[in-house]
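Enquirer: So you can see what is in the structure, the chains are spelled out below.
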Amino acid sequence: MPLFSQLYNFAHWLAQNRDEAEDLVQETYVKALRGFATFQQGTNFRAWMYRILRNTFLNTRTGLKATMTVPLADEEDGPVVNATTDTQTPEAILIDRDHQDVLRTALEELPLHHREIVLLCEVEEMSYQEIADLLSVPIGTVMSRLSRARAALRAGVQRNLQKVG
Amino acid sequence: MTMSSDDNAMQQSGIAHDQWRAQLDTYLDGELPADQMRTLDAHLRTCPVCAADALRRVQFKRAIKTAGARFTPSPEFRDRIQKKIAAKPRRSWGFTWVLASAFGLMLVAGLLTAYQQRERLREQQFYSEIADLHVSTLASSNPVDVVSTDRHTVKPWFQGKIPFTFNLPELQNTDFTLVGGRVTYLGQVPGAHLMYQIRKHEISVFIFPEDLVALRAAPQDGKERSFNLQTFTQDGLRYIVFGDVARDDISKLSALLQSAAKSS
Chain A
1 MPLFSQLYNF
11 AHWLAQNRDE
21 AEDLVQETYV
31 KALRGFATFQ
41 QGTNFRAWMY
51 RILRNTFLNT
61 RTGLKATMTV
71 PLADEEDGPV
81 VNATTDTQTP
91 EAILIDRDHQ
101 DVLRTALEEL
111 PLHHREIVLL
121 CEVEEMSYQE
131 IADLLSVPIG
141 TVMSRLSRAR
151 AALRAGVQRN
161 LQKVG
Chain B
1 MTMSSDDNAM
11 QQSGIAHDQW
21 RAQLDTYLDG
31 ELPADQMRTL
41 DAHLRTCPVC
51 AADALRRVQF
61 KRAIKTAGAR
71 FTPSPEFRDR
81 IQKKIAAKPR
91 RSWGFTWVLA
101 SAFGLMLVAG
111 LLTAYQQRER
121 LREQQFYSEI
131 ADLHVSTLAS
141 SNPVDVVSTD
151 RHTVKPWFQG
161 KIPFTFNLPE
171 LQNTDFTLVG
181 GRVTYLGQVP
191 GAHLMYQIRK
201 HEISVFIFPE
211 DLVALRAAPQ
221 DGKERSFNLQ
231 TFTQDGLRYI
241 VFGDVARDDI
251 SKLSALLQSA
261 AKSS
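Keeping their order, the protein sequence lines are chains A and B. With the numbering used here, letter number 46 in the first sequence gets 46, and the count goes up by one each step, no holes. With the numbering used here, letter number 101 in the second sequence gets 101, and the count goes up by one each step, no holes.
These aren't lab readings, by the way, just hints derived from the structure by calculation. Quantities reported herein were computed from a predicted structural model and do not represent experimental measurements. Yeah, the Cβ is synthetic: ideal placement off N, Cα and C, and Gly gets one too. It cannot be assumed that every hint is accurate.
[What the hints assert, rightly or not] Result set (DSSO-like, lysine-lysine): computed pairs, CA atoms no more than 30 Å apart in a straight line:
1) B:K83 to A:K31
2) A:K31 to A:K163
3) B:K65 to A:K65
4) B:K155 to B:K200
5) B:K252 to B:K262
6) B:K161 to B:K262
7) B:K252 to A:K31
8) A:K163 to B:K155
9) B:K84 to A:K31
10) B:K252 to B:K200
11) B:K200 to B:K161
12) B:K262 to B:K155
[To be verified] Listed next, the stretches of chain B that the computed footprint assigns to chain A, with coverage defined by at least 3 CB atoms under 8 Å from CB atoms of chain A:
13) 24-30
14) 58-67
15) 238-244
With the hints as constraints, model all of the structure from the sequences given.
Expert: Printed below as a string of structure tokens:
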């Protein structure tokens, strides 16, 4: 089945629950099958499948609860400010595989709108335009949200590293 | 209180770094406009502070990619889905035929797209890793482990360190200079990383066993962001010539390497 493993991974990160992730993926394939007539040949099939998955998730109880916590002030389309790093940044520490769990925990702790955009950009390697189409937001919002998500992830890693000691 | 001229210069330098580094994430995502990308490339070649920052960010991106690819579906779940999709209720032969055709078309479209995307991602990932090795070496305070302009010194240095041998070209009467080399790894496979110089610009030459990456086609004229590259295979080895110099220079060095490889 096309994109099965990738969709499952993304669904699991969204729902943070294995059973829910399986339900999401199952429903995505059923919807895709039923709605295949609406898919425009030559357009991005991957983005289409991910959009179905994401929209299905947002209509679940978990998804509705997650979207209710997005702060409105986060959605400004202001100029992108890439977070600057210094010599104490956690990136250098993350080369050590023992600290992968620290990064995973920080990813889990991100709010949904930050977690999904980091995953779409870094794991799925989607372009800004693909992400904009999938999330139905302007490219400027993708850039600013990604910048904030990365800053939040770095802060989370730093925080978790301090707990580990 | 007025600032001293030294304080002022330091503050200006800090502001300049912040302005460059503000673009780094977008640059590393491959989303900067071409002219801004070229400008930032030129700056990274001359600024070790920003180059080191770029390297840290690349490492962070890689760590996120590894950590993010965490969850895999169980074989039982995969079987369950396949059976469920296959066991649709039959309303009529006509409907079943339409459903089967739609699923077949979707499957073909999806498999083709997934295959193309996977191949493209695999190639992009390969070239991104090569770019990372090149940039990280330039940013290092010790870019090579064997420092010599003499190929008769550099080549034997690799014996016993990598599982293959190779020939290096004679560079007399050319514009190229051999700087040295080091052992490098790609996908946990050891290879040779040679550093050449031409008009104060560095070119990396990577040599790996050919079966490391089965590229569909060796691009005659490849570009990874604003770098140029050329790759070829010879006698079971894959050579990748990579740098931010002109395409013509990459081709000339590739030709020299190819000629030397054939003469073994």
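Enquirer: State for each hint whether it applies.
Expert: Outcome of the hint check:
1. B:K83 to A:K31: holds, 16 Å
2. A:K31 to A:K163: violated, 43 Å
3. B:K65 to A:K65: The hint holds at about 27 Å.
4. B:K155 to B:K200: With a Cα-Cα distance of about 23 Å, the restraint between K155 (chain B) and K200 (chain B) holds, given a limit of 30 Å.
5. B:K252 to B:K262: Since the Cα atoms of K252 (chain B) and K262 (chain B) sit roughly 15 Å apart, the hinted pair holds (cutoff 30 Å).
6. B:K161 to B:K262: OK: K161 (chain B) and K262 (chain B) at ~23 Å, within 30 Å.
7. B:K252 to A:K31: Roughly 54 Å between the alpha carbons, so the hint for K252 (chain B) and K31 (chain A) is violated.
8. A:K163 to B:K155: violated, 48 Å
9. B:K84 to A:K31: holds, 13 Å
10. B:K252 to B:K200: The hint holds at about 16 Å.
11. B:K200 to B:K161: OK: K200 (chain B) and K161 (chain B) at ~29 Å, within 30 Å.
12. B:K262 to B:K155: Holds, at roughly 16 Å.
13. 24-30: holds (count 5)
14. 58-67: Coverage by chain A holds here, the residue count being 8 at a Cβ distance below 8 Å.
15. 238-244: It is violated: at least three residues are needed, and the segment 238-244 of chain B offers just 0 whose Cβ sits closer than 8 Å to chain A.
Hints 2, 7, 8 and 15, counting from the list given before, are not met by this structure.
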